[in-house]
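Undergrad: Protein chains in written order, with our numbering: chain A, 1 to 416; chain B, 1001 to 1084.
The hints are simulated quantities; they were obtained by calculation from the structure and are not laboratory data. It should be emphasised that the depicted structure is a prediction, and the values quoted were computed from it without experimental measurement.
Think about it this way: if two alpha-carbon atoms lie no more than 30 Å apart in a straight line, the pair counts; the simulated DSS-like pairs of lysine-lysine are: (1) 1049(B) <-> 1021(B); (2) 1049(B) <-> 65(A); (3) 65(A) <-> 1062(B).
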Amino acid sequence: MSGRRVAVTGLGMVSPVGTNAADSFAALLEGRSGLRLLSFTDTPHPLSVPAGLCADFDPGAALGKPRASTLDRFSQIGAAAALEAWRDAGLAEKPAEDRATWGVAWGTGMGGALTMERGYREVYTAGRERLAPLTVVQAMNNACAAHLAISLGLGGSCGTHSVACSSAAMAIGDAFRRIRAGASPVMLAGGSEAPLAYGVIRAWLALQVIAPGDESSAPHACRPFQRDRAGLVLAEGSAALVLEDWTHAEARGARIYAELAGYGESSDHANLVRPSREGQARALRAALADAGLAPSTIDYVNAHATGTRDGDAIEIGALADALGAEAARVAVSSTKSAHGHPLGAAGALEAVVTVLAVHRGDLPPTLGDAAALDPDCAGVAHVAGAARRGARPRAALSNSFAFGGSNAVLAFRAAG
Amino acid sequence: MSLDPTAAYRIIEERLGIDLKSADPAAELATLGVDSLTLLELMFEIEEKLGVDIGEDTPPPKTCGELSQLIERVAAGKSAVDGA
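Same shape as in the complex, but just chain A (with noise of 0.2 Å):
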């Protein structure tokens, strides 16, 4: 550990389980779930999958119409989102102050895969040889990150982390670091994505790791660390965090959520899609040492669970090797089970969830039978079919491992 602190200072999601943050994570304890089947009428062939929607999502209301119109899906949630934190920091999108120094990180798996696939049908299918003019400029995976750092004047660094699941807590990482260096003061960090796309899930099931679900089983397609866990469920989201020096913080008298204490990566240099025990634990132990943390310190852990038969059971083989003896009493539990998987947002929207369980005490459960855990996922407290009110963690960790092998863990400090 060394540098200065960073306090986060603001949040925002939009998320399959609500428009905005303490709406998300309140659903989140209530154990209500954002999942649906998703039907694709109008393609070459009919398809069904679970899927998790930001259905109540409103590009115009949440951004105005013309500032939507020239936004990517990605980029509309994610402006959404990042604009909800920055307004929770108590900043004004206009610059009040010098941000020559602040910046945005931001974390994107596939960016404007919607408005790439609009491009393709326009073009193959529909014979066009025109395509709207901003087609490169929303597709591109940067196209948000840069749209906040217009919108809200950043001068310090304008960044896109592409890191598959990864992604957004790579965004964060970064964002961390400028601040701890002392490079900026102020960050705005997260990510967002929207891949329901009709080729990209088609390219998801052809990887054979998509859960099956119809009308009513969609909602708990997702079941990580559950025995009959059947695979992961993609999904919209968004979620960012302003990340701020702490005694910039204080001296302004903002509110702080929690401290992100440390950051910790490793590479699997193994397999593209099998994780691997081994390269998480370091990622694990990476974080905690970066943040000076004690595994005897760490009370809750938001897993990166994806609900894959390897992966789940993988994971709390690394918190075990990380966590030592200390692992049977965390509290783990994958959200994931609710709101899908964001893919490169994934990591922003976990962060965030990870921030409120330790601002405010309680513990978002996995959603499913408490009595269904695969043995093969035990020796950690899972947190299972109902939230744990009251834990109060004095630290957690927020997973994020991703295709490739790229793996992040954020490690987050009850403030005070």
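For this one, chain A is given, so just place chain B on it according to the hints.
TA: Same frame as chain A, but now just chain B:
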């Protein structure tokens, strides 16, 4: 006979949330959140959906009144092309 510009007005209302029929003609588009990129996409959609050619040399409208006039001119131009 002239092309009914109603469809263009509907696109503008859906896309920008601006009802040109009731908007103040002097209202500046920039203050309503409409910048040059927003206009670029709007003009493309109108051209594609209504089958008209606004023309690359057309100066971008700065007010609601100028946008209304542009739509009316385009509508009239379409009818002239059709020989009506």
